[in-house]
Amino acid sequence: MSKHKLNYIEQLESEAIYILREVAGQFERPALLFSGGKDSTVLVKLAEKAFRPGKFPFPLLHIDTGHNFPEALAFRDELVKQTGEKLIVRHVADTIKAKKLSEPKGKFASRNALQTYTLLDTIEEFGFDACIGGARRDEEKARAKERIFSVRDEFGQWNPKLQRPELWNIYNGKIHKGENVRAFPISNWTELDVWNYIKKENIALPSIYFSHERECVLTPSNQLVAVSDYIQIDKTDTMVKKQVRYRTVGDMTCTAAVESKATTIDAVIAEITASQISERGETRIDDKVSEAAMEDRKKIGYF
Amino acid sequence: MDILRFITAGSVDDGKSTLIGRLLYDSKSILADQLIAIEKQSKNKASSEIDLAILTDGLRAEREQGITIDVAYKYFSTPKRKFISIDAPGHIQYTRNMVTGASNADLAIILIDARNGVVEQTRRHFIIASLLGIQHIVVAINKMDLVAFSEERYKHIVNEYKNIQQQLGLKDVVFIPISALGGDNVVEKSTNMNWYKGEALLSLLETIQVDTDINLTDMRFPVQYVIRPQTEGLHDYRGYAGKLSSGIVKRGDEVLVLPSGISSTIKAIELGGKEVVEALAPQSIVIRLTDDIDVSRGDMIVKSESQPKLTQDIEVVLCWMDTKHLEVGSNYIIQHNTKQVRCVVKEVAYKLNVNTLEKEYGSSSIQLNEVCRVILKTASPLAVDLYSYLRSNGSAILIDETSYVTVGACIISG
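So the protein lines, in turn, are chains B and Y.
The letter at position 297 of the first sequence is residue 295 when you use the working numbering, and the numbering goes up by one with no holes.
Whatever position you read off the second sequence (first residue = 1), add 10 for the working numbering.
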């Protein structure tokens, strides 16, 4: 063999496959959280590499807020069809009804925080002992502190001060009944690593990741929020029509678009490389509320 | 382009977080919105300068107390390398996090405050880095601005450290005088210390060779998962999925399955669903064998010419990480690669003073953050190598049988 060295993308890929197989080997009922976004789509690709020609040893699970981009939902269903894997969908709207939760109010009212209730109920319904997620440590500073195997108590809570030490690449997945583990195979990937992998593997994504024309509300902090039935539009709002793409795909209510002309993977990579603003900073409206917004949500069971 | 994983260690207020912040800032890895957030928080704390440490202190308690509690991971790239920086806290009660961080690092940056020189905590960090087999160490003598960029002071500290270096038998150790706060010798060479002829820290990190640390001679393949599709056309398919932790494997190689000792031949190797002729560490692959034998998770496939030691009696250097003491005679679960078995602590040979490296005999109880050499007896055999020879197959963890918490880091030593 002429090449006796893995490049950095191959190293990251091998590590992620290793983590997915550790989940499969250590847990009885895992699930892979899948939203149709780029990170969870990369996870599906990695799962194919980890388990083919077999089936995935876990179903895909989508916690549907009801505020999704239709393009992401269409993509989700198409990918599920292609892979032949099982998809479970649970709806936040049902949890709101069953638990008599209050719908968040306000202009860009987001059901993002309510997802946690649906997720915890679904974990209980199916007895999932591990949930695989596409979270990355570079996204946000509370995430930078999280383990690859992150143990949650029976209330789904994360205790950042009592995390298990995680040594070498030995992952301790032993838990008590009622507890579960959140596993993060692409913890060590950055946004750019994800895009470079998408390019290398030629992975298909929802169309909204590429430049398209869209009618948006221009917020006072200069963020572009797509016009949809889920946001409240006032007479005083500035409406604009722009060429945009999305850097992340969350709810339509809390994900902002970025102006872009990038219609190909290469063009997206070029724009991200030149960007002066971080992924979450540019696109997530819900992180701006407080310095510890993510830490607080994670502590109560959020991904 | 490859990856360099490095840990930064130092005692409280040596400026670790500031150094990482400086590396990110000067290599232009901090983005505009993150900088604005830092500026905002710096003002909150009534300091006039931008506080770069805020970048790595991710938890509220850390920001409130101005300390780093937990291991923080930061990512940045230059055209030459992708870097994963692991920030380990300096507080004595959090030493377990230093061990955790060091276990995944290729290189350690150990910070010393130029005003204080050698202190107990930094000696400890040096020893832990050496215990965990980190091959490359950079000693960054920080806060040179506070000692008037004195060459004499720098040389004095270098000599202090040369003693420890010899004691520990470390080879690749480099010293750099820096000021993380001012950026001297971090990304750019400092004009304040023309007497220093070496490289700046970043260019050193970009060029240090680490790929030669991977062992490609001794094949070790711990089986993680067995793929059995049992579908039309694939009735007889049995694929053993795992990561090659060291060595190279080729189609046609004669192999042994441990612990059973049954031999077979490599029929096929699959990488990402495609057949390949050979694979090398650390690739995640699927192996198929010519014979239909019993192989399951926790087994290890090796070549007959290079075998690990198959044993139930294991001597380890143990870093203890639990508030509950380790007691001779207690049972734990030991996890080595993908295998978990019960074990009992037969004997504590000695306790290692991590400040002086002296061996202290006669202890049977070990406390949080203590390091000792113990003899374990496992319920079934493990296929191990010495950590000093093969890090990936010479490491294990101890798990408490009832709390399931990871309580110890095992460095297999005999």
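Please note: incorrect hints may appear among the correct ones.
[What the hints assert, rightly or not] Computed cross-link-like contacts, DSSO-like style, restricted to lysine-lysine with a CA-CA straight-line distance of at most 30 Å:
hint : chain 1 : residue 1 : chain 2 : residue 2
1    : Y       : K284      : B       : K79
2    : B       : K47       : Y       : K277
3    : B       : K79       : B       : K47
4    : B       : K3        : Y       : K181
5    : B       : K172      : Y       : K334
6    : B       : K53       : Y       : K260
7    : Y       : K349      : B       : K197
8    : Y       : K349      : B       : K175
To be clear, the hints were calculated from the coordinates, so they are not data collected in a lab.
Each hint, compared with the structure:
For the given pair, Y:K284 sits about 22 Å from B:K79 by alpha-carbon distance, which is consistent with the 30 Å threshold. Among the hinted pairs, B:K47 with Y:K277 is consistent with the structure: their alpha-carbon atoms are about 19 Å apart, no more than 30 Å. A hinted pair counts as satisfied when its Cα atoms are at most 30 Å apart, and B:K79 with B:K47 qualifies at roughly 17 Å. Proposed proximity of B:K3 and Y:K181 is supported: the alpha carbons are some 24 Å apart, at most 30 Å.
Distance hint between B:K172 and Y:K334 is fulfilled; the C-alpha atoms sit about 18 Å from each other, no more than 30 Å. In summary, the hint linking B:K53 to Y:K260 is supported, as the alpha carbons are separated by about 26 Å, within the 30 Å threshold. In summary, the hint linking Y:K349 to B:K197 is not supported, as the alpha carbons are separated by about 36 Å, beyond the 30 Å threshold. Among the hinted pairs, Y:K349 with B:K175 is consistent with the structure: their alpha-carbon atoms are about 21 Å apart, no more than 30 Å.
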